[in-house]
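Join the two chains into one complex using the hints; note that each chain is given alone, in its own frame.
Taken in order, these protein sequences are the chains called P and Y.
Letter 84 of the first sequence, counting from 1, is numbered 83 in numbering that gives the first Met the number 0, and no numbers are missing.
Letter 206 of the second sequence, counting from 1, is numbered 205 in numbering that gives the first Met the number 0, and no numbers are missing.
Mixed in with the good hints there might be a few duds.
Keeping only pairs whose Cα atoms sit at most 20 Å apart, straight-line, the calculated SDA-like set for lysine to any residue is [unchecked claim]:
| no. | chain 1 | residue 1 | chain 2 | residue 2 |
| --- | --- | --- | --- | --- |
| 1 | Y | Lys107 | P | Val49 |
| 2 | P | Lys23 | Y | Glu150 |
| 3 | Y | Lys107 | P | Met13 |
| 4 | Y | Lys107 | P | Arg50 |
| 5 | P | Lys23 | Y | Asp167 |
| 6 | P | Lys23 | Y | Gly172 |
| 7 | P | Lys32 | Y | Phe108 |
| 8 | P | Lys23 | Y | Leu174 |
| 9 | Y | Lys107 | P | Gly45 |
| 10 | Y | Lys107 | P | Leu38 |
| 11 | P | Lys23 | Y | Leu152 |
| 12 | Y | Lys107 | P | Leu35 |
| 13 | P | Lys23 | Y | His94 |
| 14 | P | Lys23 | P | Thr47 |
| 15 | P | Lys32 | Y | Arg106 |
| 16 | P | Lys23 | Y | Asp104 |
| 17 | P | Lys23 | Y | Leu55 |
| 18 | Y | Lys107 | Y | Leu174 |
| 19 | Y | Lys107 | P | Ala37 |
| 20 | P | Lys32 | P | Lys53 |
| 21 | Y | Lys107 | P | Val34 |
| 22 | P | Lys23 | Y | Asp148 |
| 23 | P | Lys32 | Y | Asp104 |
| 24 | P | Lys23 | Y | Arg106 |
| 25 | P | Lys23 | P | Val34 |
Rough simulated footprint, nothing fancy, chain Y against chain P, three-plus residues with beta-carbon under 8 Å [said to hold, decoys possible]:
| no. | segment |
| --- | --- |
| 26 | 19-33 |
| 27 | 38-47 |
Calculated directly from the structure, the hints in this document are not laboratory data.
Being a predicted model, the structure only gives us computed values, none of them experimental.
Note that CB positions come from ideal geometry on N, CA and C, so glycine has one too.
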Amino acid sequence: MRTRGAGPPRIRAMPRVVVDVMPKPEILDPQGKAVLGALPRLGFTGVTDVRQGKRFELEVHEVNDDVLAEISTMAETFLANTVIENFTVRVEDK
Amino acid sequence: MKIGVVTFPGTLDDIDAARAVRIGGNEAVSLWHGDHDLKGVDAVILPGGFSYGDYLRCGAISRFSPVMTEVIEAAGKGLPVLGICNGFQVLCESHLLPGALIRNDHRKFICRDQRLRIENAATAWTSAFAQGQEIVVPLKNGEGQFVADAETLDRLEGEGRIVARYVDVNPNGSLRDIAGVTNEAGNVVGLMPHPEHAVEELTGSGTDGLGFFTSLVEKVFA
Numbered sequence: 000m001r002t003r004g005a006g007p008p009r010i011r012a013m014p015r016v017v018v019d020v021m022p023k024p025e026i027l028d029p030q031g032k033a034v035l036g037a038l039p040r041l042g043f044t045g046v047t048d049v050r051q052g053k054r055f056e057l058e059v060h061e062v063n064d065d066v067l068a069e070i071s072t073m074a075e076t077f078l079a080n081t082v083i084e085n086f087t088v089r090v091e092d093k
Numbered sequence: 000m001k002i003g004v005v006t007f008p009g010t011l012d013d014i015d016a017a018r019a020v021r022i023g024g025n026e027a028v029s030l031w032h033g034d035h036d037l038k039g040v041d042a043v044i045l046p047g048g049f050s051y052g053d054y055l056r057c058g059a060i061s062r063f064s065p066v067m068t069e070v071i072e073a074a075g076k077g078l079p080v081l082g083i084c085n086g087f088q089v090l091c092e093s094h095l096l097p098g099a100l101i102r103n104d105h106r107k108f109i110c111r112d113q114r115l116r117i118e119n120a121a122t123a124w125t126s127a128f129a130q131g132q133e134i135v136v137p138l139k140n141g142e143g144q145f146v147a148d149a150e151t152l153d154r155l156e157g158e159g160r161i162v163a164r165y166v167d168v169n170p171n172g173s174l175r176d177i178a179g180v181t182n183e184a185g186n187v188v189g190l191m192p193h194p195e196h197a198v199e200e201l202t203g204s205g206t207d208g209l210g211f212f213t214s215l216v217e218k219v220f221a
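Chain Y on its own, in the form it takes in the complex (with noise of 0.2 Å):
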């Protein structure tokens, strides 16, 4: 499958993840943030970083680029997108996920292995866990406090859209413990911590996050 790798001015992460997308075994496809179509690929990744320097908010600014047009329409009619820390900013401020992401509670950038537990296994981007399997994967952030109203996050919880939780440790004050969520459909997920920065034994934390890169392959084949 063809996975494009969204860079937008001040992208970090879209090395990583397009690194992650081959080992994954997909084809890793670049797109600038102004693109005006997305070169036929199967599904978008959302990479971390500080898009447009984080001016405004988080992914404010990037929401409105180009590419994202492309990306708000083909994700509603079911074109699989993973954002991935500045990656969930930006579908969050896109309204194609619930909820925002602000400061952390605490107020300081935090950097470490972060255990997770995957609570829905059926999305397109996390087919390849079992459902409720605990990994680690490298998380880092300044402004990854996930919050939403008391009725949203009641919806999400009971319709099993919270795609996973922090284990041990809340990180960075994420209401519910939420690392990540997804949309009605399952199509779009976004995650705060960092899979793609898991995925080969010499770096990281192992290779807990290679299961976010290869689900949409096995849910192909499946």
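Bound-form chain P, shown alone (with noise of 0.2 Å):
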């Protein structure tokens, strides 16, 4: 029978790029609105705005520039409408 933790640690081997996805802040975030809303009534107190956008984590097996080319490309034309969204990619620390 396994025991759950027994065993080798588990080897990350793949780069991780992360693009966050944030509406620009001209366009109104009814979401964040909400969760704004919320915050008092859960005796949260102190916040003034709250954004909400979107986090992807891409697991790459390499990072170059041609990988982070191509990330940018992605991100500009299908992870994020440009129209409402600002995004940024970066590499994730280990």
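This is how it looks when you write it as structure tokens:
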């Protein structure tokens, strides 16, 4: 019988690139507004604004300029709608 | 005329749209999201629903389906295309129409009989209406708030590309009360409310929506 936690630690060999997508500042963010409205009801005070976005974690074989360029294109054309959203691409530190 | 009605996984209103096409005097042709050709249709309707589960953003994944590659190319050559509700979202994601549709400002899904004013009766899909005519058709959306930057909105107004505006009530916070827009050529129209649900006296709010499905014929025989 296998015991949880036994064996060698899981190795994450693949580097990870993170794409963060946020609604543009001038675009109304109804979801962020809903979260903001809920905070005082739950007893959390001191937050003056909330914006809600999306985070994509992309596992890739390796990170190089070509890979990052391709991910930028992917973010620009698919992961984000640049009419209403901004995005950033970064390699996650291990 | 043969009008294609596209079904994506998650589309809801394809059957109603096809029925409206037939009641409007045209032949409805079913198109599947995986199709690589448009079966020789004279026009295409992208109906309402929740294509691909609205994952990522409404219309974002549909926009890359094989049939949309064909629709985008044909629209560029003048094929009349009407996107209703989710179809409007697909057209914006495809960049065939400017702007985007985001969650309603009040954050609730809305379903009501909505009064609209036809602001441009010269498009392929609205020529059966009189300029300025007011109609009532059902509206049902959670993400129907039309947004674009001020420059784009000014251009749309200046070029007469706002096809319909909400009257009495702005149901979703759409900027400048915009319910529908068209492209520069006037062959591609996106509309958030549902004219296909208002084509028979038996159901719906009346028959005010029928004009969207008879306009093509009137234009051809005009």
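Okay, the hints, checked on the actual structure:
1. A hinted pair counts as satisfied when its Cα atoms are at most 20 Å apart, and Lys107/Y with Val49/P qualifies at roughly 19 Å.
2. Distance check on the hinted pair: Lys23/P and Glu150/Y sit about 16 Å apart at the alpha-carbon level, within 20 Å; holds.
3. Distance check on the hinted pair: Lys107/Y and Met13/P sit about 41 Å apart at the alpha-carbon level, beyond 20 Å; violated.
4. The hinted pair formed by Lys107/Y and Arg50/P meets the criterion: a straight-line CA distance of about 18 Å does not exceed 20 Å.
5. A distance of roughly 29 Å separates the Cα atoms of Lys23/P and Asp167/Y; the hinted pair therefore is violated under the 20 Å criterion.
6. For the hint linking Lys23/P to Gly172/Y, the alpha-carbon distance of about 17 Å falls within 20 Å, and the restraint holds.
7. Under the criterion of a C-alpha separation no larger than 20 Å, the hint pairing Lys32/P with Phe108/Y is consistent with the structure, at around 16 Å.
8. A C-alpha spacing of about 16 Å is found between Lys23/P and Leu174/Y, which places the hinted pair at or below 20 Å, so the restraint holds.
9. Pair hint Lys107/Y plus Gly45/P does not hold up; C-alpha atoms about 26 Å apart against a cutoff of 20 Å.
10. The straight-line distance between the Cα atoms of Lys107/Y and Leu38/P is roughly 19 Å, inside the 20 Å bound, and the hint therefore holds.
11. About 17 Å separates the Cα atoms of Lys23/P and Leu152/Y, which keeps this hinted pair within 20 Å; it holds.
12. Among the hinted pairs, Lys107/Y with Leu35/P is consistent with the structure: their alpha-carbon atoms are about 16 Å apart, no more than 20 Å.
13. Only pairs whose Cα atoms come within 20 Å are accepted, and Lys23/P paired with His94/Y is accepted, the gap being roughly 18 Å.
14. At most 20 Å may separate the alpha-carbon atoms for a hinted pair to count; Lys23/P and Thr47/P meet this at roughly 18 Å.
15. Our distance criterion of 20 Å between C-alpha atoms is met by Lys32/P and Arg106/Y, whose separation comes to about 9 Å.
16. For the suggested pair Lys23/P and Asp104/Y, the alpha carbons sit about 15 Å apart, so the restraint of at most 20 Å is met.
17. For the proposed pair Lys23/P and Leu55/Y, the alpha carbon gap of about 16 Å is at most 20 Å, so the pair holds.
18. For the suggested pair Lys107/Y and Leu174/Y, the alpha carbons sit about 17 Å apart, so the restraint of at most 20 Å is met.
19. A C-alpha spacing of about 15 Å is found between Lys107/Y and Ala37/P, which places the hinted pair at or below 20 Å, so the restraint holds.
20. Restraint check for Lys32/P and Lys53/P: satisfied, since their Cα atoms lie roughly 15 Å apart, inside the 20 Å limit.
21. Between Lys107/Y and Val34/P the alpha-carbon distance is near 14 Å, which keeps this suggested pair within the 20 Å criterion.
22. For the given pair, Lys23/P sits about 11 Å from Asp148/Y by alpha-carbon distance, which is consistent with the 20 Å threshold.
23. Only pairs whose Cα atoms come within 20 Å are accepted, and Lys32/P paired with Asp104/Y is accepted, the gap being roughly 9 Å.
24. Our distance criterion of 20 Å between C-alpha atoms is met by Lys23/P and Arg106/Y, whose separation comes to about 18 Å.
25. Among the hinted pairs, Lys23/P with Val34/P is consistent with the structure: their alpha-carbon atoms are about 17 Å apart, no more than 20 Å.
26. Coverage of the segment 19-33 of chain P by chain Y holds. Counting CB-CB distances below 8 Å, 8 residues qualify, and the rule asks for three or more.
27. Interface restraint, the segment 38-47 of chain P with chain Y: violated (0 residues with C-beta to C-beta distance below 8 Å; minimum three).
In this structure, the earlier hints numbered 3, 5, 9 and 27 are contradicted, and the remaining ones agree with it.
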